[in-house]
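Student: Now for the letters of each chain:
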Amino acid sequence: MGNKEGVMNQISRRVFGTGVLATGLVGSLVHSSRAQGEPKRGGTLVATWGGGEPQACYVPAGGGSSPTFSSSKLFERLGNRKMTGEFVGELAEEWKPAPDFKSYTVKIRKGVKFHDGKPMTVDDVIYSVSEIWKKYAAAPALSDFAGIETSGDDAVVFKFNKPTPEFFFASLLCGNVNYIVPKHVYAGTDPVTNPANNAPIGTGPWKFKEWVRGSHFEYVKNESYWRPGFPYMDRLIIRYVRDPAGRAAAIEAGEIHIGVFNPIAPPDIKRLTATGKFVATSKGYEESVWATTLECNMRNPVFAKTEVRQAMFHAIDRNLIAKTVYYGYARPGTGPIFSPNKEFFTPDTYKTGFDPKKAAALLDAAGFPKKGSAKRFTLNLLAAGWFAENGKIGSYVKQALEDVGVGINLTVPDRPSSIKRIYTDYDFDLAISNQSNPSEPVPTTTQYYTSDGIKKGIPFRNASGFHTDEVDALVEKIKIETDPAKRKAMVVEFQKIISKEAPLLPLLELESTTVASTKVQNHSNDPNYLAASWHDIWMAS
Amino acid sequence: MASTSGSSRRNAALRLLKRRLLQAIPLMLGVVVINFVLIHLAPGSFLELMTAENQVSDPATVELLRKTYGLDDPVWLQLVKYIWALMHLDFGFSYRQNMPVLDAIWVGLPATLLLMISSITLAFVIGVAAGVVASAKVRTVWDTAVSVAAMFFFAAPSFWLGIMMIVLFAVKLGWLPVSGMETIGGGGGVLDILHHLILPTLALGLFYAATYARVMRSSMLEVAQLDFVRTARAKGLSRRRVTLSHVLRNALLPVVTILGVQMGTILAGSVVIESVFSWPGVGSLLFDSVSSRNYPVVLGIMVLGSLVVIAANIAVDLIYMWLDPRIEIR
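Line by line, the protein sequences are chains A and B. First residue of the first sequence: 1, per my numbering; consecutive thereafter. First residue of the second sequence: 542, per my numbering; consecutive thereafter.
In isolation and in its complexed conformation, chain A is listed as follows (with noise of 0.2 angstroms):
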C-alpha cells in the first residue's frame, strides 16, 4: 500500500500486445492445469520480470516493482489477500476490530522464526510498524494511526484516532511492502541505508544467499520455514536480464522458467506459446492494475473549465491507442476506480469516450472557439519517459488534439526528469504518466484527487492540483466509514464526481502479463503475482 510504484524502472510496455489472445492465453492455460498433480519437490526455478535490476534487495518504503519483487519472497505480511478476494492471515492468525472500530487487535502467529533462526515476535510487529510502516513503507494510509502495544504475548493493538474501516485495515495488512523485519537487525539502524538491506533477513519460504549484481540473486528454501512443507522447489534464482528479446530467448532456450510483469513482446508471446511448451495469463494482477493515466495541470486558467479538461478525453480514441500501442493488451479507463477492482467499481460515470465533435462543442462552450486555422489554445504535453509507450501515445494524442484545435508541444523526458516536472516542478500543462493501485481506494487513488495529495516532490500523488471542498470532504467520509454497504455507495460517489469533473483520468487500463514454462506449476495464484512469496510453486518433471 505504501509501496506506491515510486520510481518505475524503464520497462517497454510494447510487451502488453496482442500475442497472448486465444491461443496463448486459454489454450495454454488448459495445457497448464492438465498438467498439474501431485507437486513435485525439489529443484531450482529461474524467474525474471519485466524491468531492470533493483536499487537494493529490500527498499524500506517500497522503491518500486523490482524491490518488491526481490523482497517479497524473504519477508512476509500480516496478511494475504487470496484470489477469490478473501483477506487471509499471513504473520497474523487473526485480528479483530473494536466496537468503535478505532482499534484492531490482531493475533500474531507463533512458532515463525527469522532466517538467522530467532523467533519472529510482536517486538518485531511493534518495531516494523511504527519505525517502518509509519515512517517508510505505509505513511500516508497511516495518517490516522495512534500507535501499537502489546496485548499479551502474541498480540498486539493498533489504535487509530479514527474509525477504520475493517477492508482498510486488512489492505494495509496486506500491503505490498509492510513486511515484518527483524527488529534486532533494524533497531538503532537507519533503515534506508542498513547493508541488512541487500541481504535481508525475513520470515519468508526463501532464504537470502547471494547477490551478483548485474546478473541475479540466489535464494534458497528455508528449511524452518512456518508452512510445513514448503517451500517445494530447494532454490529461487531471480535473474535480470534488461532487453526483452534477450528474456524471450532465455525463456525459450530454457534458461528462465518464468517471467512475471510483461517480461517479453507481444510477438514473442504469440511466438512461444503456440509452440505448447510455454503458458502466458494475465491473472495475477488483480489487485496491481496499471494504467496509463492523462493528467491536466489546474494551474493553467484554461483548465479552470470542467469542458476544457473534459474535451481533452473526448478528442482521444483510446481504443485506438489500445489497439495500436498495447497491442490489444489495454481497454479503455472510465474512472479513478479501475474495472478489475470487485469491490468498489461502477461503470455508472461520466462517459468519456472518443468523440471529437462533443470535444470541439465542449471547447467552444468553454469559451475557446475556434477561428480559422488559428490554434484554440497551445498546452505542454509531457509524456512521462519511463514507459516507452507513454512517448509513443504522447505523439497520438498531440494528433488528436490538434484535430479539435488545440494546439500541442510534446516533449518526452526520461524518468529523473519526468519525476522532477510532473511531480516537483509542475512544468506540464498535460502530462501521459502511469499509475497501479490497490483496491482499497484509500489514500492510494485517492490521495491523486485530494488537497492533502498535492505534496511537492513527491511522485504519484496529486500533481494536477485539483482539488474540492467536496471531494476533501467525500474522501475524509470514506476514511472513517465502517458501514461496507454505505462506504461503497460513498466511493461509487466519488468516482461519478472525478470521472465528470476529469482532472486526471485513466486513459488505458493496462493488462500485465506472465509468461512461463508449462512445467511450472501453481503460478499467477495470487492477485499481486510479482510481491507474492512463491511458497507454493514447483516445477514437472
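The set of hints was computed from the structure by calculation and includes no laboratory data. Treat the hints loosely; a few may be bogus.
[Claimed, not checked] Straight line, CA to CA, 20 angstroms or less: simulated EDC-like cross-link-like pairs of lysine to aspartate or glutamate:
| id | chain 1 | residue 1 | chain 2 | residue 2 |
| --- | --- | --- | --- | --- |
| 1 | A | Lys455 | B | Glu604 |
| 2 | A | Lys107 | A | Glu94 |
| 3 | A | Lys519 | A | Glu493 |
| 4 | A | Lys456 | B | Glu604 |
| 5 | B | Lys608 | A | Glu93 |
| 6 | A | Lys107 | A | Glu93 |
| 7 | A | Lys183 | A | Glu131 |
| 8 | A | Lys496 | A | Glu470 |
| 9 | A | Lys455 | B | Glu589 |
| 10 | A | Lys351 | A | Asp317 |
| 11 | A | Lys209 | B | Glu723 |
| 12 | A | Lys82 | A | Glu307 |
| 13 | A | Lys456 | B | Glu589 |
| 14 | A | Lys135 | B | Glu589 |
| 15 | A | Lys358 | A | Glu286 |
| 16 | A | Lys82 | A | Glu94 |
| 17 | A | Lys351 | A | Glu307 |
| 18 | A | Lys209 | A | Glu223 |
| 19 | A | Lys135 | B | Glu723 |
| 20 | A | Lys162 | A | Glu481 |
| 21 | A | Lys183 | A | Asp116 |
| 22 | A | Lys102 | A | Glu166 |
| 23 | A | Lys496 | A | Glu509 |
Dock chain B against chain A, hints included.
Tutor: Leaving out everything else, chain B in the frame of chain A:
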C-alpha cells in the same frame, strides 16, 4: 653496441612514459570537469529520485540528505571537493548501491575488462589475419570474401548481431548460453566463463575486426610497394618470409594506432553488449546510474574509463616504438 642501443631505447621508452603520464594529469582534470558540468546540467538529481523512491516529503529530512551528500554546497565547491577527494582516491559514495563508488565499480570492472580484452584480442587477431589474407590474395575470391564480410560486420549494429547470434547459437542450436557470465549455481570455472564469453565477444569484437581487416589490407598493399620490400625479395627471401617478417610488421602501425584510439569506443560498445547479454559489468552499472542520476558512479566510471583509455594509448605508443625503432629518433 647492441647493449647501448637497447639501453637507449629503454631510456626513450621511459621518457615517453613520463611525458605521457604528465600529459595525463590535465587530460584527467578536463575529463572530470567536463563530465561533472555535463551531468549537473541534466535536469533531475539523484536526491530528487532518492526522495521519490523513499517517499520522503519531510523538508527537514530532504535538507539533511542534501547536507549528507554535499548538495548544499554551490556546484563549483562540489567540483573542487570532488577533485580533492579524487586526488585521495575517494570516488564518493553511491546512495543507490549503498556502498562506496569504487566498490560498486569494482564489482563489475573485472567482467567488463574481460569482455573488452577478449573482444579487442579477437578483433585484432581476426582483423589482421583477414587483412593479410586479402592483401596476399588480392582480387581473388578470398579478397572479395574478406571485403564482403568486413562490410557486413562493419554495417551490422552490434546489438542486432548479438540478438541474431543468441537466436542461432543459443536458442536454435543450443550450443552456447543465452546470457550471463556463468552458469548460475553450477558454474564459475574458467571453462564455464569462457563458454559464456564467446557470444558477447563475437558481437562486440567483429565490428572492430571488420575495421582492422580493411585497414590492414590497404596497409599491407601499401607497404608491399616500398623499396625495402623489393630489396628483400631481390635478396631471394621467400614470399611468406617477406610478408610476415617485413611487410606485416610495418603494416601493423596504423592498426595499432586505431586500436589505441578505439579503446574508449569499445568501452562504450560494451554498455550495449552487456545489456543484450546480461553481462554483469560496469556497462549495466553505467546505464542504471545515468537513468537514476547517480552522479558519483557515472563520474567514477568516466574517470576510470578515461584512465583505461590513457593507459591503452601509452601502451600503443610503446608498441609503436617497438614496431618502428625510428620513432624514438623523432
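Student: Each hint needs a verdict: does it hold in this structure or not?
Tutor: Going through the hints against the structure:
1. A:Lys455 x B:Glu604: Holds, because 16 angstroms separates the two Cα atoms, which is no more than 20 angstroms.
2. A:Lys107 x A:Glu94: Distance ~5 angstroms between Lys107 (chain A) and Glu94 (chain A) Cα, so the pair holds.
3. A:Lys519 x A:Glu493: violated (46 angstroms)
4. A:Lys456 x B:Glu604: holds (14 angstroms)
5. B:Lys608 x A:Glu93: violated (44 angstroms)
6. A:Lys107 x A:Glu93: holds (5 angstroms)
7. A:Lys183 x A:Glu131: The given pair, whose Cα atoms are some 10 angstroms apart, holds under the 20 angstroms limit.
8. A:Lys496 x A:Glu470: OK: Lys496 (chain A) and Glu470 (chain A) at ~12 angstroms, within 20 angstroms.
9. A:Lys455 x B:Glu589: With a Cα-Cα distance of about 13 angstroms, the restraint between Lys455 (chain A) and Glu589 (chain B) holds, given a limit of 20 angstroms.
10. A:Lys351 x A:Asp317: holds (13 angstroms)
11. A:Lys209 x B:Glu723: With Cα atoms ~17 angstroms apart, Lys209 (chain A) and Glu723 (chain B) stay inside 20 angstroms; holds.
12. A:Lys82 x A:Glu307: Violated, at roughly 41 angstroms.
13. A:Lys456 x B:Glu589: holds (11 angstroms)
14. A:Lys135 x B:Glu589: With a Cα-Cα distance of about 18 angstroms, the restraint between Lys135 (chain A) and Glu589 (chain B) holds, given a limit of 20 angstroms.
15. A:Lys358 x A:Glu286: Violated: Lys358 (chain A) and Glu286 (chain A) sit about 34 angstroms apart, past 20 angstroms.
16. A:Lys82 x A:Glu94: Cα-Cα ~15 angstroms, so holds.
17. A:Lys351 x A:Glu307: holds (13 angstroms)
18. A:Lys209 x A:Glu223: With a Cα-Cα distance of about 13 angstroms, the restraint between Lys209 (chain A) and Glu223 (chain A) holds, given a limit of 20 angstroms.
19. A:Lys135 x B:Glu723: violated (40 angstroms)
20. A:Lys162 x A:Glu481: holds (10 angstroms)
21. A:Lys183 x A:Asp116: holds (12 angstroms)
22. A:Lys102 x A:Glu166: holds (10 angstroms)
23. A:Lys496 x A:Glu509: Holds, at about 18 angstroms.
In the structure shown, a violation is registered for the earlier hints numbered 3, 5, 12, 15, 19, in ascending order.
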